[in-house]
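A.B. asks: What follows is the residue order along each chain.
Protein chains: 2
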Amino acid sequence: MKIIVDAMGGDNAPLAPVEGALRAQKELGVEILLTGRTEEILSCLDQLGHKTIPKGVEIAPASQVILMEDNPARAFKEKPDSSMTVGLKLLKEGSGDAFVSAGSTGALLSAATLIVKRIRGIRRAALAPVVPNAGGNMVLIDCGATAECTPEYLLQFAYMGSYYAQRFLGIANPRVALLNIGAEPSKGMDLQKQTHALLTQAHEAGRLNFVGNIEGREAMSQGVDVLVTDGFTGNIFLKTVEGAAILFSGALKQMLLGSTKTKLAALMLKDGIGQFKKRFDANEVGGTAMLGISQPVVKAHGSSNGYAFFNAIRQAKVVAETKVVEDIAANVAHMRLDQKEA
Amino acid sequence: MKIIVDAMGGDNAPLAPVEGALRAQKELGVEILLTGRTEEILSCLDQLGHKTIPKGVEIAPASQVILMEDNPARAFKEKPDSSMTVGLKLLKEGSGDAFVSAGSTGALLSAATLIVKRIRGIRRAALAPVVPNAGGNMVLIDCGATAECTPEYLLQFAYMGSYYAQRFLGIANPRVALLNIGAEPSKGMDLQKQTHALLTQAHEAGRLNFVGNIEGREAMSQGVDVLVTDGFTGNIFLKTVEGAAILFSGALKQMLLGSTKTKLAALMLKDGIGQFKKRFDANEVGGTAMLGISQPVVKAHGSSNGYAFFNAIRQAKVVAETKVVEDIAANVAHMRLDQKEA
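So the protein sequences, as listed, match chains A and B. Count along the first sequence starting at 1, add 1151, and that's the number in the working numbering. Count along the second sequence starting at 1, add 1151, and that's the number in the working numbering.
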């Protein structure tokens, strides 16, 4: 198993991706192919105690870097020798089993769609982050790859999210719910009503475990395994959870550091606070799978540290090993409205 | 100042509304007109230590109650003698200055729109809850009254939310932001792009303090005073914040009650936890203003206790006193696309 890692993407590149890659090579037994500026990568390796390129690690030189200010739709073409473009071309050619990048989400989406291509029959790719809820973790799909969706896109997202939850979260029969403003099938706009009908059909055919509409409140406070929504709403949902987490942890910190007495209490709670933080820490998950692309692509968070890159590579390995892409491709006939049986 | 209170709406009716009304009459110096079943209200008054109807409190008999299972659009007509219908008719006739109900949101919206009517020129009513964020509190508008919106509706929501934030939150020049999936004006779907242009125009004309697009994350973790969005997205936003609050407070509780040591720490944090809870407690705000209706209407939360009703009545009093409705009516010409100056 060889994972291609964009060494130049993200706020902490190239040190963080190189650090995460080294750890992944050592602990997960994967081979690593780093794309980027050779000298800068060698300098990071040196900083991390490696005078030469370690065994199991290779470098594929790429002289350019895609920046956040580049046009997402054109960046990979305008910078054909960027670490992202080079990495995706290597993936396409079969020089690796998965690609991990913390570069611009929009550029990665466009580049993956146009270089690696979507799975045949899949209309749109989707970003599927893992989000903690009271029941454990759920797959949110889509969180922003495709802002405006049709019922068919959402049907495809539901299937893709379900396969991913099975393989990556290890849930045998994932409960799939549609994010909506009420539980009844009549709730929401046309998009939600029509999608509800399609998901109900898929459920009745025994292909999906669709449990109905769910509101934002219950999605977080109760258990569901796959939360299906369009990219606009999913992005609002995800960012709102992140913002609420910042607000609450800030208020918690203020409470704990208020006085000598509360500081003492905070000390007594040290272990618990550590676990609490770990549970809601984005670095623990690593990255977000880009589902619908014909080979495994994982988007690492822009602010990823070395540990987050390690986790993103671990995630890419699981996606490649468990053959989520193959699951989707094998079942794509059920996901296309123009090919549905009567 | 006389506040009309639906004594039969909400999970804890009629005791909670009657209790909140009594307290409001005593502490806020308002007169109260309770609508509902006389005998049940008298029995609650008796329970609360009043053998006779206290001074400053009246009862307007209404034999019917609108239930959650009633059709929201037709309930007020099908039950013409319901506590909600009777209360809104009294408001319309001038027998009170504001109406508070914890009954079905959909029924209240339809009934208020059809009995009391919207302000002339306002296309749709909006529900504007007050939501805590890191900067203090913000007005979210709309949170579910109108799921599908046009740019003109959102322009009107922005103005209405701004007047309400001025009067109810006491913010002199409220910062108005549009909830979106990125900060740049080009982000979002047509609705957001067109609304951004309208809000920018209003800002340039000096009528609104529009600060641009904002993501869910920054809306919670930074400061903004008015958050404008369509009812579908606003409902997802609000419910997600509520769900995240439940998740975090559950995890916090688990952490604090884990062992004898952590229980001791929890005891030391008692005051802080109390303040923390108070800050995020829906009962503290009371209710949600229904803006765009030609007289003050406040929706109390279905699960309101007596204290929440007291706060909802206080809120209704502020809305009536500060003349938010008059503010909106006086400026409606700027909010209509068909009447805009070239």
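Simulated from the structure, these hints should not be mistaken for lab results. Warning: the hint list may mix true and false statements.
[Stated by the list, open to error] Label pairs and their computed distance ranges (CB to CB):
#1 B/Ala-1481 / A/Asp-1432: 16 to 24 angstroms
#2 A/Pro-1205 / B/Asp-1422: 50 to 58 angstroms
#3 B/Asn-1222 / A/Ser-1400: 42 to 50 angstroms
#4 A/Lys-1428 / B/Lys-1421: 17 to 25 angstroms
#5 B/Ser-1214 / A/Asp-1422: 47 to 55 angstroms
#6 B/Gly-1286 / A/Gly-1409: 37 to 45 angstroms
#7 A/Ser-1410 / B/Lys-1412: 46 to 54 angstroms
#8 A/Gly-1453 / B/Glu-1244: 38 to 46 angstroms
#9 A/Met-1340 / B/Lys-1421: 40 to 48 angstroms
#10 A/Glu-1178 / B/Lys-1412: 29 to 37 angstroms
We put the beta carbon where it would ideally sit given N, CA and C, even for glycine.
A.B. asks: Run every hint past the structure and note whether it holds.
C.D. replies: Going down the list of hints, with the structure as the test:
no., hint, result
1, B/Ala-1481 / A/Asp-1432: 16 to 24 angstroms, "50 angstroms, violated"
2, A/Pro-1205 / B/Asp-1422: 50 to 58 angstroms, "54 angstroms, holds"
3, B/Asn-1222 / A/Ser-1400: 42 to 50 angstroms, "43 angstroms, holds"
4, A/Lys-1428 / B/Lys-1421: 17 to 25 angstroms, "23 angstroms, holds"
5, B/Ser-1214 / A/Asp-1422: 47 to 55 angstroms, "60 angstroms, violated"
6, B/Gly-1286 / A/Gly-1409: 37 to 45 angstroms, "20 angstroms, violated"
7, A/Ser-1410 / B/Lys-1412: 46 to 54 angstroms, "19 angstroms, violated"
8, A/Gly-1453 / B/Glu-1244: 38 to 46 angstroms, "59 angstroms, violated"
9, A/Met-1340 / B/Lys-1421: 40 to 48 angstroms, "46 angstroms, holds"
10, A/Glu-1178 / B/Lys-1412: 29 to 37 angstroms, "33 angstroms, holds"
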